[in-house]
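J.: First to last, the sequence lines map onto chains A and B. The numbering used here applies: residue 372 is where the first sequence begins, and numbers increase by one. The numbering used here applies: residue 372 is where the second sequence begins, and numbers increase by one.
Careful, some of the hints might be misleading.
Same chains, same names: a pair is fine if it fits in one copy or spans any two.
Listed next, the in silico EDC-like pairs over lysine to aspartate or glutamate satisfying Cα-Cα at most 20 Å (straight line) [claimed, not checked]:
id : residue 1 : residue 2
1  : K720      : E553
2  : K882      : E414
3  : K680      : D941
4  : K720      : E427
5  : K742      : E683
6  : K676      : D485
7  : K881      : E942
8  : K447      : E459
9  : K503      : E464
Everything labelled a hint here was simulated from the structure, so no lab data went into it.
Residues per chain, in single letters:
2 protein chains.
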Amino acid sequence: MNANPKFIAATAQVDQAAIQPLPKSRKVYEQGSRPDIRVPFREIEQADTPTMFGGEKNPPITVYDTSGPYTDPDVKIDIRSGLAPLRENWIAERGDTEQLDGPSSAYGRERLADPKLAELRFNLHRAPRRAKAGANVTQMHYARRGIVTPEMEFVAIRENLRREQYIESLRASGPQGQRLAELLGRQHPGQSFGASIPARITPEFVRDEVARGRAIIPANINHPEIEPMAIGRNFLVKINANIGNSAVSSSIAEEVEKMTWSIRWGGDTVMDLSTGKHIHETREWIIRNSPVPIGTVPIYQALEKVDGKAEELTWEIFRDTLIEQAEQGVDYFTIHAGVRLPFVPLTAKRMTGIVSRGGSIMAKWCLAHHKESFLYERFEEICEIMKAYDVSFSLGDGLRPGSIYDANDEAQLSELRTLGELTQVAWKHDVQVMIEGPGHVPMHMIKENMDLQLEHCHEAPFYTLGPLTTDIAPGYDHITSGIGAAQIGWYGTAMLCYVTPKEHLGLPNKKDVKDGIITYKIAAHAADLAKGHPGAQIRDNALSKARFEFRWEDQFNLGLDPDTAKDFHDETLPKDSMKVAHFCSMCGPHFCSMKITQDVREYAEQIGVSEAEALNKGMQEKAVEFVKKGAEIYHRS
Amino acid sequence: MNANPKFIAATAQVDQAAIQPLPKSRKVYEQGSRPDIRVPFREIEQADTPTMFGGEKNPPITVYDTSGPYTDPDVKIDIRSGLAPLRENWIAERGDTEQLDGPSSAYGRERLADPKLAELRFNLHRAPRRAKAGANVTQMHYARRGIVTPEMEFVAIRENLRREQYIESLRASGPQGQRLAELLGRQHPGQSFGASIPARITPEFVRDEVARGRAIIPANINHPEIEPMAIGRNFLVKINANIGNSAVSSSIAEEVEKMTWSIRWGGDTVMDLSTGKHIHETREWIIRNSPVPIGTVPIYQALEKVDGKAEELTWEIFRDTLIEQAEQGVDYFTIHAGVRLPFVPLTAKRMTGIVSRGGSIMAKWCLAHHKESFLYERFEEICEIMKAYDVSFSLGDGLRPGSIYDANDEAQLSELRTLGELTQVAWKHDVQVMIEGPGHVPMHMIKENMDLQLEHCHEAPFYTLGPLTTDIAPGYDHITSGIGAAQIGWYGTAMLCYVTPKEHLGLPNKKDVKDGIITYKIAAHAADLAKGHPGAQIRDNALSKARFEFRWEDQFNLGLDPDTAKDFHDETLPKDSMKVAHFCSMCGPHFCSMKITQDVREYAEQIGVSEAEALNKGMQEKAVEFVKKGAEIYHRS
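This is chain A alone, in the form it adopts within the complex:
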């Protein structure tokens, strides 16, 4: 059924759209304690304030950059070679891993030996690594032994966004800079519902958060290409983009394109949910070219191996799949170990039953065998695999509600409690854990999800799909869910799994992926603002200042999607001269409120004294009533 042209490894090329420079943006790196810790940021250059509004210099704004080497003009991108293995030395120098001769999974060896696959196989010259016998190579294990890894330092630098340096250098630059520092640095105190976000993230703080399980750094030793990032309630809210083909759609090239497209727009991690042909090969291409952590749901592939017959799944097949994928470098595995046999009947009265694919596969298996889930029973054995490669758990919510009707029901909450129990088992093995969450939940029932997750899962990071706040808008579920995602992010969710406009209807194309990403970047940022994440408001402040000063290009460029902003503007005012116009098509020259506000300020200056004084003077002439009321109002806060 796949109508796509055949993918050939030898001619594979990067999507040109992924390597175009973003307007006025520059890739910069900040070096850590050693030369090979180079943390990437994007700097967005700004124009000066127009002379009529003061003429001040607006220094570039630094933003978090997930796009990896693709947007670095100094890096030659060839997806056939994959990205440079940034972490290779960090992993090697720890001395606790060994290079294998080749894949140790039966399936991995079989695929490698199949000559029919040569044409589309990624040509990897590196054998997989595994922990030495008895060793544990997780970031959590290091953290608990007091070791600050380069990954942790990288994360610390990354999370700070060079904020302090920025404000300090502004302050040091004179009175105009001091005013700017005050303006851009000001932020509303947030409401964080018990999060503990420090003003500055130190490597030691990262270590401590990872050690206590409140954050994870997904970083498989076989994915040395990643730029480390953290998922945790006391860090910036992250977003995940799902990609993946199915039996009826998509090809390898498309999936690699979706990955590079996702990270260009801000995807912090990418899940490859492929279920069709060549899953193994597709995954290899994605991982080798991904600077962000890759997650998968191994049960999907295990099911492929038994021709879609859930009841034929075995622990042995599943185990081999875990090893196969761990040796390719998957950074986190969704494991639906909380779908226990006793919970299945709790779903019988639901409106929409079990909507998680992994959950329904396991439910079917449990029933077919009248047995407890092998994922639950073999959980400690799974932990042994996870810690040999540092794969993080994403404990799947196989019983999440698939409709408003089913929200927060006993099936869902029973599973959540089990995930909390499993979290403690994983932590016993120093294996990193995050917890997946719903789903479809009306707004007023979202907070209960977060509260119960914190309670039952001991502050392990929460990673939610939306939630969708209504079922009635197929085609717009990026929005129904963006509303819920912003809220749950505010309440404490560490990573938001995007939902695209195609949810419930089909597989997302590149446009859908971008719509999903931007919507979720909005939700995550709105959550950071509401939590009062230090410095989160700088970008809002800078953009609003640009908007107020009619710096149209800066307004576009500081936004999440400069291309769309510019296109929209140009639809009604296409001429270049209009980009410096002090009005726009919405109101025209006379009615522009921004312009009138400027007039108000200018008027105040014209009449001789400073703005506020002038206005006060004008008002003193007015009436006793004003002085009384106005003064009262002015001093109230």
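Using the hints, position chain B against chain A.
T.: Just chain B now, with coordinates in the frame of chain A:
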């Protein structure tokens, strides 16, 4: 600068897209206590459940219908004649109004006499009405005198959505119907923050809400074409769509098209914010063809009359504009009477000053004259005009924040307190009032807006623009604001003013209008669900049931935008046979979780007893552990 082809009244035609039937939808009317109270609804027909899933009949779902006669195949639409004056007799029979000889405003007479305008003028054969001397024709006035008007009864029937009849007729239809009634009628108890929504809306309840000012029915006596609707915290959350040309864009035909397009997708009211040429004539075309209330900001037109020079505005010009527009039939006026002279200096230190056009115009006027706003000082005179036509106040938030930085500042809150003071003045005159709200507000500061509004404005309906929860996504402000709108709707806002993707960038085209409307329908409905509005969940339940049963067409048709849902589905599974497929392109036939859940249920049935029992039986064979834990879990709630 206007490149649009010239609009000619004689050849004006309805937008064909506005009169296409919605798929499987039927216009139905419910009659009230008299034959001329005919309340429109849309009924969405559903297919039977597939035989393999039980084969039950799924009765049609009734939804709120704002589209007016345009979607009634029995009505001949000719925009040159306008809509039928549904309320004409109701107004006439009250005997408290008089038909004038013609417009009583100077401007209205001037425009009517101008032969150059003949070509584009709507040909109205009806003279305006006005209250008889000393009479008060507001719905609030009637309500306070204990009169239940036909408008109030219309609203009551409309708000109930025939819910009780629906559930009762299902229950009466046998065991299958009883099961359906249980399934579709079930709803989560909401969290309404003090709203008092009865299970059934009676005409008397509507009267009481209007009498105490907690709801308004915008219904100018010169807009007899409207289908009455209510805006209030104890009714369904409503949305408003802004349309309007400007000096640099758009034409009359386009604006009428945007109005019909808005109501097709669910706009409950429409604001005509035109600022360009022919405002008067454009407005006439819109009102005569609008079945929903129309709002305006009269100061925009008043400013046109003084060539954009705010300082040249006078009370006389403004007063004439109010009368001109009231006699055309505008249902609510945004009046920025809370922008008082003493509050202007409070905006001087803002990031984005005064972003409301009306607010900045009035601020400029106040400063230019060193005088208190004439809107504030003449407020009682304005009330006299409002009550002569039943124009409702939408007290404008001229000092709303235009950036996250400026949220909830003293300028904004000072104005809000003033609006509360003015509300009481208006109520003294029995004039209906709603209060406009922000703007740009981070999530954690939204509730304060609602709480303060309720406190200071005595529960007059709140009508907010978003709020936008971050500034960093120009091009996506329907989403940044949809997040805030859903929340503030939940907290108690009665009507949400949409924001389109073009916000801050340009004037919306039809696509933008639709994107804005659907986003805000989502926000409003998510709010209704969270408040626990009775019956709000029926549509979600029906849609989710359709989704679960693979009734693809029903899933599309029950959604807010069937066209987009169907197009998205067809992109990856275009064949007609795929619309009955029991899987979709996302997962393919083997992996479909819905299908697997069905298998789970079937499996349970195959093994002989009822589903839950079968599963329990299976589990009893398992272990003591299960019985203990499972039973505990099952009985917990």
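J.: Return the numbers of the hints above that this structure violates; sort them in rising order.
T.: 2 and 3
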